[in-house]
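J.: The primary structure of each chain is shown beneath.
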Amino acid sequence: AQKVTQAQTEISVVEKEDVTLDCVYETRDTTYYLFWYKQPPSGELVFLIRRNSFDEQNEISGRYSWNFQKSTSSFNFTITASQVVDSAVYFCALSEVETGGFKTIFGAGTRLFVKA
Amino acid sequence: DSGVTQTPKHLITATGQRVTLRCSPRSGDLSVYWYQQSLDQGLQFLIQYYNGEERAKGNILERFSAQQFPDLHSELNLSSLELGDSALYFCASSVTFRVGSNEQFFGPGTRLTVL
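Order-wise, the sequence lines are chains A and B.
Counting from 11, one number per residue, gives the positions in the first sequence under the working numbering.
Counting from 686, one number per residue, gives the positions in the second sequence under the working numbering.
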């Protein structure tokens, strides 16, 4: 069965600190997709990154970076030099192929507080 | 602005009632997904439609149903409402049904309160 675990419920950091959000997933499929989404206090869900199971390259986008390791079934997200605007709930998600479509499972989310 | 619209923004109703939530996908997107976000259940995938056809089903209750119309907008119908159905309901769209090859763009959500 598919499962996404975000063990960190809440993280609090001071501005300019680096912070890593952990995501561990379970799947029996060989083809799957992993995502990170951000949900700021305003409530909308903002797509951050997609990674497919065949692409283990790490990615950096500005202050954001992602580390995908199939050996440990982890897809961790690091924010470098955090800012107050990074305060949000961050969700990791896993999509698997289902007949004719895709089924997406979200983790419980990690609430990040960045203090000035 | 993701380009996905959802109406209404807020909905307050009573137990036992039936409501319809509406979603218009981004222009050109053929696939629509529905999600429920509640405090106790988190973000849960409900159902996916692609070009009018149901493609994937998640934890959708039998009291809930959805459809996608020829103009590609979608409606989520919730009936015999219970207090526990109070939640934020999101709609998302993507170009194809292969969510992994296209990211999902989320609408602003409809907040349903059942009293």
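Please keep in mind that the hints were generated in silico from the structure rather than gathered at the bench.
Idealized CB from N, CA, C, for every residue including glycine.
Treat the hints with caution; some may be incorrect.
Each computed DMTMM-like pair below joins lysine to aspartate or glutamate, with the alpha-carbon atoms no more than 20 Å apart [stated by the list, open to error]:
| id | chain 1 | residue 1 | chain 2 | residue 2 |
| --- | --- | --- | --- | --- |
| 1 | A | K13 | B | E760 |
| 2 | A | K48 | B | D686 |
| 3 | B | K742 | A | D39 |
| 4 | B | K694 | A | E54 |
| 5 | B | K742 | B | E760 |
| 6 | B | K742 | A | D96 |
If you want the ones that stay clear, here's a sample from chain A, every Cβ over 10 Å from chain B, calculated [unchecked claim]:
| id | residue |
| --- | --- |
| 7 | E27 |
| 8 | L55 |
| 9 | V56 |
| 10 | S75 |
| 11 | W76 |
| 12 | S81 |
| 13 | S84 |
| 14 | G111 |
| 15 | T114 |
| 16 | I115 |
| 17 | F116 |
| 18 | K125 |
Beta-carbon label-pair distances, calculated as ranges [what the hints assert, rightly or not]:
| id | chain 1 | residue 1 | chain 2 | residue 2 | range |
| --- | --- | --- | --- | --- | --- |
| 19 | A | S71 | B | A699 | 40 to 48 Å |
| 20 | A | F57 | B | I745 | 16 to 24 Å |
| 21 | A | E108 | B | S750 | 34 to 42 Å |
| 22 | B | D725 | A | P51 | 19 to 27 Å |
| 23 | B | T692 | A | K125 | 32 to 40 Å |
| 24 | B | D725 | A | T88 | 38 to 46 Å |
J.: Run every hint past the structure and note whether it holds.
T.: Here is what the structure says about each hint:
1. A/K13 - B/E760: 28 Å, violated
2. A/K48 - B/D686: Holds, because 14 Å separates the two Cα atoms, which is no more than 20 Å.
3. B/K742 - A/D39: This hinted pair holds, its Cα atoms lying about 17 Å apart.
4. B/K694 - A/E54: Within the cut-off at roughly 12 Å; holds.
5. B/K742 - B/E760: 15 Å, holds
6. B/K742 - A/D96: Answer violated: B/K742 to A/D96 is near 33 Å, above 20 Å.
7. E27: Consistent with the label, A/E27 stays out of reach of chain B, its closest Cβ about 27 Å off (over 10 Å).
8. L55: 4 Å, violated
9. V56: At roughly 8 Å from the nearest Cβ of chain B, A/V56 sits no farther out than 10 Å, so the non-interface label is violated.
10. S75: 18 Å, holds
11. W76: A/W76 is indeed farther than 10 Å from all Cβ atoms of chain B, at 14 Å.
12. S81: With a cut-off of 10 Å, A/S81 remains clear of chain B, as the shortest Cβ separation is near 21 Å.
13. S84: 18 Å, holds
14. G111: Label violated. Min Cβ-Cβ 3 Å, cutoff 10 Å.
15. T114: 5 Å, violated
16. I115: 7 Å, violated
17. F116: 4 Å, violated
18. K125: 24 Å, holds
19. A/S71 - B/A699: 40 to 48 Å: 46 Å, holds
20. A/F57 - B/I745: 16 to 24 Å: 23 Å, holds
21. A/E108 - B/S750: 34 to 42 Å: For A/E108 and B/S750 the Cβ distance comes to about 18 Å; the hint is violated.
22. B/D725 - A/P51: 19 to 27 Å: Holds, since B/D725 and A/P51 (Cβ atoms, about 20 Å apart) stay within the stated range.
23. B/T692 - A/K125: 32 to 40 Å: 37 Å, holds
24. B/D725 - A/T88: 38 to 46 Å: 29 Å, violated
The earlier numbered hints that this structure contradicts are 1, 6, 8, 9, 14, 15, 16, 17, 21, 24.
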